[in-house]
Amino acid sequence: MVSLMEVVKVGIADMNVVKAPQSIRTTGLGSCVGVVLYDETSGIAGLSHVMLPDSALNKDGAKLNKAKFADTAIADLRDCLIRSGAIPSLLKAKIAGGAQMFQFASQSDVMRIGPRNVEAVKKELQRFNIKLAGEDVGGNNGRTIEFDTETSLLHIRTVSKGEAVL
Amino acid sequence: MGIEQRITNLHLDVLKEIGNIGAGHAATSLSTLLNRKVDMKVPNVHIVSFDEMMEMAGGAENVVVSVFLRIEGDAPGSMFFLLSLDQATRFLHQMTGDPTLSLEESPYAEMAVSAMQELGNILSGSYLSSLANFTNLNLYPSVPALSIDMVGAIVGYGLIELSQTSDYAIVIDTALNEEGSVKENSVKGHFFLLPDPPSFETIFNSLGVPING
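Protein chains in written order, with the UniProt record's numbering: chain V, 1 to 166; chain P, 1 to 213.
Hints should not be assumed to be uniformly reliable.
Here are the computed lysine to aspartate or glutamate pairs in the EDC-like style, where the Cα-Cα straight-line distance is at most 20 Å [to be verified]:
{"hint": "1", "chain 1": "V", "residue 1": "9", "chain 2": "V", "residue 2": "150"}
{"hint": "2", "chain 1": "V", "residue 1": "59", "chain 2": "P", "residue 2": "61"}
{"hint": "3", "chain 1": "V", "residue 1": "9", "chain 2": "P", "residue 2": "51"}
{"hint": "4", "chain 1": "V", "residue 1": "123", "chain 2": "V", "residue 2": "76"}
{"hint": "5", "chain 1": "V", "residue 1": "59", "chain 2": "V", "residue 2": "40"}
{"hint": "6", "chain 1": "V", "residue 1": "59", "chain 2": "P", "residue 2": "55"}
{"hint": "7", "chain 1": "V", "residue 1": "59", "chain 2": "P", "residue 2": "196"}
{"hint": "8", "chain 1": "V", "residue 1": "19", "chain 2": "V", "residue 2": "40"}
{"hint": "9", "chain 1": "V", "residue 1": "92", "chain 2": "V", "residue 2": "150"}
{"hint": "10", "chain 1": "V", "residue 1": "63", "chain 2": "P", "residue 2": "51"}
{"hint": "11", "chain 1": "V", "residue 1": "9", "chain 2": "P", "residue 2": "196"}
{"hint": "12", "chain 1": "V", "residue 1": "161", "chain 2": "P", "residue 2": "61"}
I should point out that these hints are in silico values taken from the structure, not numbers from a laboratory.
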């Protein structure tokens, strides 16, 4: 039987882990950052769709969704990958997103959320000593990304600029 | 406890009425602007996860023309006016009388972008001012911003405030339709009103139906 290449989808403020030959994708990243952590040797990869930079922003005692915040998502994703058999020291990262979708005259902190997400994600990667192997961040356009565990390539689609590969 | 758990049917009806009045005024403006009949669907109030919110707008990857503004003042929130690409292009033709204008492919003509921004400005302005009158609250719109991109990227922006207190959005959704338009399956004109979480209390209080507990 011919097996179809399975693509696992990750929603907004969510995360998931796949093994080769599966691919993993998330759609419509704007100010959010898609973070892929992967271990090439074992073909294990995870993707987190990060919405906010810091879990300190979690207000009113709301239930903490770890995948939503950069500082909790990357630690959690890393743990999940290690539990699935990835070697911590071999983990690399590719990231995309963090756009500024709208320009406003009065730039509050919230409106600058894209760049802040990118900064926070990079800080976390450094904290865990994970090498950033590629990035496509900033700008003012949305992105859909798909990571191929067989090639370790991240495919990035935008509306006006076509497809890029990291 | 999140607002989404404390809200009753009465509150939902109040929010529907807000959509009814606001979008009703916007539909009238649109009708005047285009000199056409514009239908408005009965508004819906949905309590949805962020992913469901994207599905309502045609899926995170669906490309739309959007006008987004922040509501400032007594009851802050976000407002979106979303149009499919072909619907936006039709509106453009009727507004400007120039059949060469299009928003289906970039780079976009300056005139097309400017006209679209003005359309969004007028519609969201009339939505918001009728809402301010109805609730007796001070509500000010930011300058509306236009973006033509994936729904996920656009609407995700309006969820930032909400996402700090909840994984759910309460969205007041009103669909506008130019009368006689054909394609039934595509997303047409949609107003999404997304009040920031503390604004619900303010809105309900101003209309005499406070939230208990």
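Against the structure, the hints:
1. V:9 to V:150: holds (17 Å)
2. V:59 to P:61: violated (29 Å)
3. V:9 to P:51: holds (11 Å)
4. V:123 to V:76: Between residue 123 (chain V) and residue 76 (chain V) the Cα gap is close to 15 Å, so the pair holds against 20 Å.
5. V:59 to V:40: With Cα atoms ~38 Å apart, residue 59 (chain V) and residue 40 (chain V) exceed 20 Å; violated.
6. V:59 to P:55: violated (26 Å)
7. V:59 to P:196: OK: residue 59 (chain V) and residue 196 (chain P) at ~12 Å, within 20 Å.
8. V:19 to V:40: holds (10 Å)
9. V:92 to V:150: OK: residue 92 (chain V) and residue 150 (chain V) at ~15 Å, within 20 Å.
10. V:63 to P:51: holds (18 Å)
11. V:9 to P:196: violated (28 Å)
12. V:161 to P:61: Holds - the C-alpha atoms of residue 61 (chain P) and residue 161 (chain V) are around 15 Å apart, at most 20 Å.
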